[in-house]
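These protein sequence lines map, in sequence, to chains G and B. Heads up: the first sequence at position 63 corresponds to 63 in the UniProt record's numbering, and the numbers run straight through without jumps. Heads up: the second sequence at position 433 corresponds to 433 in the UniProt record's numbering, and the numbers run straight through without jumps.
Keep in mind the hints are simulated off the structure, nothing from the lab. Incorrect hints may appear among the rest.
Claimed, not checked - Straight-line alpha carbon distances no greater than 30 Å define the calculated DSSO-like cross-link-like pairs of lysine-lysine that follow: (1) G:Lys41 to B:Lys155; (2) B:Lys384 to G:Lys74; (3) G:Lys32 to B:Lys384; (4) B:Lys253 to B:Lys7; (5) G:Lys33 to B:Lys147; (6) G:Lys142 to B:Lys160; (7) B:Lys253 to G:Lys97; (8) G:Lys97 to B:Lys327.
What the hints assert, rightly or not - Computed spacing ranges between beta-carbons, pair by pair: (9) G:Thr132 to B:Gly136: 40 to 48 Å; (10) B:Asp322 to G:Phe156: 31 to 39 Å; (11) G:Glu130 to B:Asp394: 55 to 63 Å; (12) B:Glu257 to G:Glu59: 32 to 40 Å; (13) B:Arg301 to G:Glu53: 42 to 50 Å; (14) B:Lys12 to G:Lys97: 54 to 62 Å; (15) G:Thr132 to B:Ser89: 54 to 62 Å; (16) G:Glu130 to B:Glu88: 25 to 33 Å.
To be verified - To spell it out: a stretch of chain B is covered by chain G in this simulated footprint if at least three of its residues, at any positions, have a beta carbon under 8 Å from a beta carbon of chain G; those stretches are: (17) 17-29; (18) 329-340.
A virtual CB, placed ideally from N, CA and C, is assigned to each residue, including glycine.
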Amino acid sequence: MLQEHAKIVDFISMAEGVTGRKKLQKMIYILKKMGVPFQEKYEFHIYGPYSEELTARVEELCDMGFVSEALEDKGSYVQYNYSVTAEGLEFRDALGKSVLADPLQALKLNEKSSRFLELTATLLYFDHLERTEQIDKLHIVKGKLNFTDEEIGQAFEFIEELAVLM
Amino acid sequence: MSYATQKLAEEKVFKDPVHRYIHVRDQVIWDLINSREVQRLRRIKQLGTSYLVFHGAEHSRFNHSLGVYEIVRRIVDDIFHERPAWDESERLVVLCAALLHDLGHGPFSHSFEKVFHVDHEVFTREILLGDTEVNGILLKVAPDFPKKVAEVIAKTYPNKQVVSLISSQIDADRMDYLQRDAYYTGVSYGHFDMERILRVMRPVEDQVVIKSSGMHAVEDYIMSRYQMYWQVYFHPVARSAEVILRKILQRAKELSESGYKFEQPPTHFMAFFNRTFHLKDYLALDEGVLMTYFQLWMQERDPILSDLSDRFVNRRLFQYVDFDPGKDYRKLGELSQLFRKAGIDPDYYLIDDSTSDLPYDFYRPGEEEERLPIHLLMPAGEIKELSRSSQIVDAISGKRRTDYKLYFPAELLIDGKKKAVKQQILQMLREGGV
Numbered sequence: 001m002l003q004e005h006a007k008i009v010d011f012i013s014m015a016e017g018v019t020g021r022k023k024l025q026k027m028i029y030i031l032k033k034m035g036v037p038f039q040e041k042y043e044f045h046i047y048g049p050y051s052e053e054l055t056a057r058v059e060e061l062c063d064m065g066f067v068s069e070a071l072e073d074k075g076s077y078v079q080y081n082y083s084v085t086a087e088g089l090e091f092r093d094a095l096g097k098s099v100l101a102d103p104l105q106a107l108k109l110n111e112k113s114s115r116f117l118e119l120t121a122t123l124l125y126f127d128h129l130e131r132t133e134q135i136d137k138l139h140i141v142k143g144k145l146n147f148t149d150e151e152i153g154q155a156f157e158f159i160e161e162l163a164v165l166m
Numbered sequence: 001m002s003y004a005t006q007k008l009a010e011e012k013v014f015k016d017p018v019h020r021y022i023h024v025r026d027q028v029i030w031d032l033i034n035s036r037e038v039q040r041l042r043r044i045k046q047l048g049t050s051y052l053v054f055h056g057a058e059h060s061r062f063n064h065s066l067g068v069y070e071i072v073r074r075i076v077d078d079i080f081h082e083r084p085a086w087d088e089s090e091r092l093v094v095l096c097a098a099l100l101h102d103l104g105h106g107p108f109s110h111s112f113e114k115v116f117h118v119d120h121e122v123f124t125r126e127i128l129l130g131d132t133e134v135n136g137i138l139l140k141v142a143p144d145f146p147k148k149v150a151e152v153i154a155k156t157y158p159n160k161q162v163v164s165l166i167s168s169q170i171d172a173d174r175m176d177y178l179q180r181d182a183y184y185t186g187v188s189y190g191h192f193d194m195e196r197i198l199r200v201m202r203p204v205e206d207q208v209v210i211k212s213s214g215m216h217a218v219e220d221y222i223m224s225r226y227q228m229y230w231q232v233y234f235h236p237v238a239r240s241a242e243v244i245l246r247k248i249l250q251r252a253k254e255l256s257e258s259g260y261k262f263e264q265p266p267t268h269f270m271a272f273f274n275r276t277f278h279l280k281d282y283l284a285l286d287e288g289v290l291m292t293y294f295q296l297w298m299q300e301r302d303p304i305l306s307d308l309s310d311r312f313v314n315r316r317l318f319q320y321v322d323f324d325p326g327k328d329y330r331k332l333g334e335l336s337q338l339f340r341k342a343g344i345d346p347d348y349y350l351i352d353d354s355t356s357d358l359p360y361d362f363y364r365p366g367e368e369e370e371r372l373p374i375h376l377l378m379p380a381g382e383i384k385e386l387s388r389s390s391q392i393v394d395a396i397s398g399k400r401r402t403d404y405k406l407y408f409p410a411e412l413l414i415d416g417k418k419k420a421v422k423q424q425i426l427q428m429l430r431e432g433g434v
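Produce the entire structure from the sequences given, and follow the hints as far as they go.
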């Protein structure tokens, strides 16, 4: 059990902190789809693939004092910033080795916007479909977000780019 | 008359302890119930290992699937029928999705999925879309019908009203399992006024809301759910059985990977050990098959596999103590080393386990909450999130409760060999703070 917690701590540390719950959810999902052995189970929710197990694990890590959660008031909305504490780093070091082959994987994901990661994760969720069906499905479930052809093309390129790093 | 609208000459009814009767008029539903894949659910218990604590809890996923179907049937035929915000053309797809929503569950799903890294939702989709009897029946409705049913279950169907009937914070799935599990376990929690909730459900735009006059019935439902999770679903003794089950499967897998020669070849598991499994391998498994292997493995030469199998079959479960991983993860490492010194493999006999639940959550503007809240339909027609009207729900909203336990075989620690180190282990466990 605790090894799975340590993997999340390790990821947040490698990403040098993560801003936003949605962003964290999508980054772990994308890596999982790329074959990184995260064990959290995902289902499709409002913003695409979502893991209740991951939400629980992050809350537990915050309660244990290994990850700090800071609430940032952005005026019309709030955002949660996650970073690893010194105790968290000790915990990570005591419990295991990293599941990421290269810290660049985490950093590359982290430099993308939440919207872009939502798009990428949703496309990956439908990767059992033909590409045209995959895009049709994206427009059905994410109609309100009006993703452009250019964004979709960039997301597919990003998936290929990440695959090379794996 | 098309197959989609074809009715049985006479209505069929199933006697049911929760809903009294389950009514079937549609030929499609009748054919689905009689398919191999739905019948297989009779051989998978709804509550996994809970029967080792609540001896009545032997009910199957088949019972529950019929129950969810019946609740949805009553909603769409009695409550939503002819309401302008409800699209009648969705009736059959939502009924099929209700009946088939758990189709991909395997034997002791939770443990099996963890050890073999499989996902029952992927199997649900494969059963619906693959070469199965269920797929053949759904295809007779329309070529795209299996896909539609799969999308409702996967929550990617465009009509969110339809999805929320099967999957939301107040859905037919939960309403059935809470009452059914309460009935079969014999506990007094889990009961709520479902009749009242159904009567006040309304389709509005892209969601299903509850008339505000039904708020107290919903409060009761949420509290029932809260009680059932902590009293039944997360029962520490049932979790002990679950831990042992997981370790049996893990041991068998590791033995197979190391080239161990089993007395009886574990034919049914080989595709999972080798990760070469297909849908047919999965469908060939049920709890009868697994229990047969556990009986056989009690006679295996490997002492760990035979001991764990014996523990599960004969209910010789692990003891447990509370555990605070934030403070005590280092002590867990020390304990592991002491277990090794005592000749007990901690990978199989010292297991930390956590479980948590969030009874109800609501949407916080601007943050990316992924749970659809329960909305009340107020007398003037406006929509209001439940916890803003209900103090009881507000008190538990967004509050996760987590429980950590450490499981171990107490009797192995009090037998004669390596007494000093075992004493040290027992001392650490007794003192808590491990």
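Exercise. Broken hints, numbered, in rising order?
Worked result: 3, 4, 9, 10, 11, 13, 15, 17
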